[in-house]
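The primary structure of each chain is shown beneath.
Protein chains: 2
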Amino acid sequence: MSALKRWLPSVPLLDWGRQYNRETFANDAVAALIVTLMLIPQSLAYALLAGLPPEVGLYASVAPLLLYAVLGSSRVLAVGPVAVVSLMTAAAVSEHAVTGSHAYWQVAITLAFLSGSMLLLMGLLRLGFLANFLSHPVISGFISASGLLIALSQMKTIMGVTADGHHFFDLLLALMNQASHLHLLTLVVGIVATAFLFWVRKGLQPLLISAGLKPKLAEVLAKAGPVVAIALTTVLAWRLDWQGQGMKLVGTVPQGLPPLTAPLWDLSLWQELLLPALLISVVGFVESVSVGQTLAAKRRQRIEPDQELVALGASNLSAAFTGGFPVTGGFARSVVNFDAGAVTPAAGVFTAAGITLASLFLTPALYYLPQATLAATIIVAVLSLVDFEILLSTWHFSKLDFTAVFTTLLATLLMGVESGLVTGVSVSLALFLFRASRPHIASVGLVPGTEYFRNVLRHDVLVSPKLVCLRVDASMFFANARGIEDRINAEIATRPDVEHVLLQCSAVNDMDASALKSLEAISSRLKDANVFLHFSEIKGPVMDKLQKTRFLEHLHGQVFLTNYQAIEALTPEIIQNN
Amino acid sequence: MSALKRWLPSVPLLDWGRQYNRETFANDAVAALIVTLMLIPQSLAYALLAGLPPEVGLYASVAPLLLYAVLGSSRVLAVGPVAVVSLMTAAAVSEHAVTGSHAYWQVAITLAFLSGSMLLLMGLLRLGFLANFLSHPVISGFISASGLLIALSQMKTIMGVTADGHHFFDLLLALMNQASHLHLLTLVVGIVATAFLFWVRKGLQPLLISAGLKPKLAEVLAKAGPVVAIALTTVLAWRLDWQGQGMKLVGTVPQGLPPLTAPLWDLSLWQELLLPALLISVVGFVESVSVGQTLAAKRRQRIEPDQELVALGASNLSAAFTGGFPVTGGFARSVVNFDAGAVTPAAGVFTAAGITLASLFLTPALYYLPQATLAATIIVAVLSLVDFEILLSTWHFSKLDFTAVFTTLLATLLMGVESGLVTGVSVSLALFLFRASRPHIASVGLVPGTEYFRNVLRHDVLVSPKLVCLRVDASMFFANARGIEDRINAEIATRPDVEHVLLQCSAVNDMDASALKSLEAISSRLKDANVFLHFSEIKGPVMDKLQKTRFLEHLHGQVFLTNYQAIEALTPEIIQNN
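So the sequence lines, in the order shown, correspond to chains A and B. Everything in the first sequence is counted per our numbering, starting at 98 for the first residue and increasing by one. Everything in the second sequence is counted per our numbering, starting at 98 for the first residue and increasing by one.
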């Protein structure tokens with residue numbers, strides 16, 4: 098039973114649902130109202146960014162929120178369309194259908210289905226560790242580049258032109274070609290809206306506080322700033338007939354509940370969407386978990402990564418069956434939800450109800466909303482993702498990490514999101530192997546008058562020409578096994594008097610089959626060269642593993658408990674001189 | 098100047114060439130004669146295995162030997178066509194041209210060119226560490242599966258039928274379908290030749306020794322066994338007119354020097370050959386270096402992996418310009434070269450001269466050589482590559498390594514060499530991340546009456562409810578950074594009284610930017626939860642890195658030299674009770 102339970106996803110709803118009361122209800126309801134106001138424009142905007150009709154953004158913000166509320170391990174994460182995942186959706190779907198077509202929407206639904214299935218499977222199989230492939234340098238380079246790409250792609254809406262391109266310079270070139278066709282009124286509205294939203298981010302909260310509001314309330318209200326911009330420009334567009342003057346508005350958004358939909362059952366399409374779906378899943382998961390963990394820690398709560406995979410998987414599957422597109426936990430909305438006082442996932446249920454009401458009754462009011470205003474909200478949101486300081490800080494911390502950030506950033510800008518991410522992951526794995534292939538191996542000697550051993554390069558220590566004593570400062574595994582072999586070969590080739598090689602293993606935490614094979618090769622080569630191979634200070638877990646093999650039986654040498662005992666036995670003369 | 102020299106490949110010829118004398122000449126010449134006798138049938142056989150005319154095997158055994166003699170760092174490695182690389186060549190080239198056509202040969206030449214360019218580039222850029230991607234489990238699973246595939250593919254020649262397929266079961270099915278068409282005489286000759294060659298491997302050497310030969314000489318002569326089988330069946334085929342009875346012979350092999358050729362300059366072909374060329378390069382390099390290192394160690398010589406890349410790269414480029422196909426250092430022929438007494442790479446030059454003479458004058462004699470005899474020599478050679486014991490030994494040593502061997506073996510058999518190898522590498526990287534994502538982290542306490550700390554699960558130690566003291570037994574990097582975060586989050590979420598978290602870093606050899614980011618996240622979350630984060634026993638190199646960042650400035654806690662000092666400061670009460 099408990100074995101079965103271990104493999105079934107848990108249902109966190111059963112924990113917090115039992116303790117639900119009037120006070121938690123009130124807190125959750127207030128938070129839900131504020132998040133709903135924030136989510137409506139965001140959902141529309143991110144749907145447009147993904148190349149989909151705006152109402153699809155609303156659809157993607159209902160069922161996923163409900164599913165996450167039941168299955169998610171974070172109390173406050175708000176799931177729905179987010180900027181980077183929407184960009185990745187656009188990049189993947191536009192390979193297979195024409196933007197704006199019905200087929201495009203169906204491919205997006207299929208992508209959500211595949212991504213949801215993968216997340217669910219990864220969760221059930223406890224494969225959350227796969228997200229580790231995305232090292233921090235890769236994810237931050239990727240997110241910054243995506244932010245730039247998104248901001249640039251929104252410039253066309255603000256300029257009131259059409260321009261296409263999935264790479265930074267394509268897009269820039271296309272925009273410059275269109276510069277002569279720009280629509281002045283749209284540009285003015287776009288720039289004013291952007292400036293207003295930047296001011297709201299920085300300047301509104303202090304203003305509200307000085308007007309007598311409590312800082313916490315002022316913070317939350319300031320986050321609702323986009324709603325003001327949207328209401329204002331919508332009313333102006335209506336009263337001043339901006340459409341008649343050639344401005345692009347959101348237009349007719351169909352009223353109604355999210356529709357029932359199904360993915361395309363097309364195996365060859367699935368095959369081609371496999372890689373983008375995997376990348377979207379992993380990026381979405383990493384983003385979502387890091388937001389969830391940050392917020393959970395503030396209340397000493399805990400996120401279960403494998404449970405999150407299950408919840409995000411179910412959310413994306415539900416998106417696929419209700420006309421949505423790939424979703425994940427969003428940073429800004431989750432923070433607003435938390436700050437506005439949400440205490441349980443019920444807030445998500447109420448938000449879903451709010452969005453449903455909006456898509457039933459509010460959509461006619463969205464007719465006059467200028468697309469440029471939505472573009473402005475996206476630009477302001479994504480520019481906060483762009484973090485060039487990471488280049489500076491990794492440069493100081495480690496050149497290899499800097500290389501990973503820089504390569505990912507550049508590759509994403511130049512080659513688009515998919516190739517950029519794959520390049521980043523490959524480069525970061527290659528750099529890891531490079532770093533690991535040069536393990537720190539110190540040639541050590543005895544500190545006179547003690548039983549301690551230190552690096553011969555840094556300390557004045559006792560050594561013997563008969564003995565090579567090396568301390569391997571790393572676990573031994575495939576990435577560094579050949580490096581260790583090379584080092585020992587080099588020592589033997591350059592020191593003809595050597596009779597003993599002694600490996601001090603005090604820092605070897607683990608060992609794999611490649612390392613064992615290397616040790617076997619080293620051992621038999623040393624035997625051929627008439628040199629003994631000894632070990633000292635092997636840790637318990639490593640010794641357990643070695644004893645399952647015949648390596649120690651065949652060893653042309655001994656195993657010593659301490660390095661000092663080894664020296665006593667092998668080169669007593671240096672101790673006598675001591 | 099020395100900086101420039103570091104980047105230029107060295108020319109080992111300049112070292113050994115100066116000391117060359119009459120005695121080394123005699124040794125090298127004898128070894129060359131024996132290796133030439135062995136190489137002629139092998140070259141023909143591996144060319145046929147690669148889907149090429151037999152003379153191409155001879156071409157591939159001249160220029161590469163010369164180039165390696167000048168640039169290689171091994172004194173005795175013999176470069177030329179080898180079984181696994183020939184199989185990989187067949188798999189790659191047959192995607193782009195019809196076996197037996199002129200275009201097929203040109204694609205093979207292009208593959209040698211690309212592979213040679215990559216090896217040379219990797220050598221000049223010191224990228225030898227990339228070979229670490231092939232862990233020992235992956236390479237041994239791959240080689241075993243390749244051995245089985247090659248042996249099975251030769252069965253068609255021994256049965257005297259035609260059957261195609263790049264996967265094990267395709268091929269098996271095709272063979273079974275052809276069973277009714279088998280050519281009885283060919284089968285008998287094939288089986289007898291195979292049995293004879295197996296006997297030569299095991300039984301000839303003892304027989305020669307008991308006949309009074311010196312063991313060393315007997316060993317070398319036994320290695321020349323295939324020559325006997327070839328001479329005998331050639332004479333029989335000629336005298337008994339086996340061709341008239343429907344047996345396939347080698348037929349006309351054009352006489353002459355290796356031709357001057359050039360790769361196809363076709364970028365789209367290059368793009369498609371990029372992955373196979375990379376895989377061939379890396380597999381060839383790994384095989385070659387491991388043979389070279391084993392032999393070099395016996396004479397306390399040394400192999401320079403980056404120099405080997407340059408030498409193998411130049412060898413493959415020379416193959417491309419002289420009508421050859423991808424080559425690398427072969428195991429059997431290098432061992433024979435070594436055992437027969439070769440002392441310098443001049444033996445390789447003499448062997449190249451021998452092969453040149455053979456292709457000028459010996460080819461008419463090869464007309465009557467039965468293809469089944471060549472197939473028998475291949476089968477006997479490759480079955481020694483198949484090592485199922487590795488499955489057993491890795492099963493005992495580590496289930497993760499076993500999984501890597503097994504997956505690679507199965508994937509190669511079922512999906513062919515390229516997909517098999519890529520799958521193997523991916524799985525072994527994923528398993529590595531899995532292993533690394535669960536670092537050993539011990540919760541430690543003070544051993545009463547000492548200043549030592551031990552795992553609370555294994556020892557009776559002093560702890561405080563206010564303090565979580567964790568010893569991280571691994572370097573901190575992207576693969577385990579989230580695992581460490583999760584563990585600390587879990588401790589804090591389940592122990593509400595905790596005021597201090599103390600990380601004992603005595604086993605942390607290194608740290609990357611992902612780990613730093615995780616520590617920053619942990620630190621700020623703990624601060625939000627009003628918990629201090631302290632460190633103890635940080636190693637020098639890690640401390641150097643941390644001091645380049647602002648992490649320690651912003652730390653809500655302290656850094657202690659020893660864990661005991663930390664306990665004295667944070668929870669003195671457990672020491673007073675001591």
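Each hint should be verified, as a subset may be incorrect.
Note: identical chains are not told apart, hence a pair may lie in one copy or across any two.
Subject to a maximum C-alpha distance of 30 Å in a straight line, what follows is the list of computed DSSO-like cross-link-like pairs (lysine-lysine) [as the list claims (entries may be wrong)]:
| hint | residue 1 | residue 2 |
| --- | --- | --- |
| 1 | K563 | K345 |
| 2 | K311 | K496 |
| 3 | K636 | K496 |
| 4 | K345 | K313 |
| 5 | K299 | K253 |
| 6 | K253 | K311 |
| 7 | K253 | K313 |
| 8 | K395 | K313 |
| 9 | K624 | K395 |
| 10 | K313 | K624 |
| 11 | K253 | K642 |
| 12 | K563 | K299 |
The set of hints was computed from the structure by calculation and includes no laboratory data.
Here's how the hints hold up against the structure:
1. K563 - K345: neither (84 Å within a copy, 61 Å between copies)
2. K311 - K496: Neither: 45 Å inside a copy, 59 Å across copies.
3. K636 - K496: between (32 Å within a copy, 20 Å between copies)
4. K345 - K313: neither (37 Å within a copy, 89 Å between copies)
5. K299 - K253: within (26 Å within a copy, 77 Å between copies)
6. K253 - K311: Classified as neither: same-chain Cα gap 39 Å, cross-chain 85 Å, threshold 30 Å.
7. K253 - K313: Intra 36 Å, inter 80 Å, cutoff 30 Å: neither.
8. K395 - K313: Only inside one copy: K395 and K313 sit 16 Å apart there, 75 Å across copies, limit 30 Å.
9. K624 - K395: Between copies only: 9 Å across chains, 59 Å inside a chain, cut-off 30 Å.
10. K313 - K624: Answer is between; shortest inter-copy Cα gap is 19 Å, intra-copy 73 Å.
11. K253 - K642: Neither: 61 Å inside a chain and 44 Å across chains, both beyond 30 Å.
12. K563 - K299: This pair counts as neither: shortest intra-copy Cα distance 70 Å, inter-copy 40 Å.
Of the numbered hints given earlier, the model fails hints 1, 2, 4, 6, 7, 11 and 12; all others are met.
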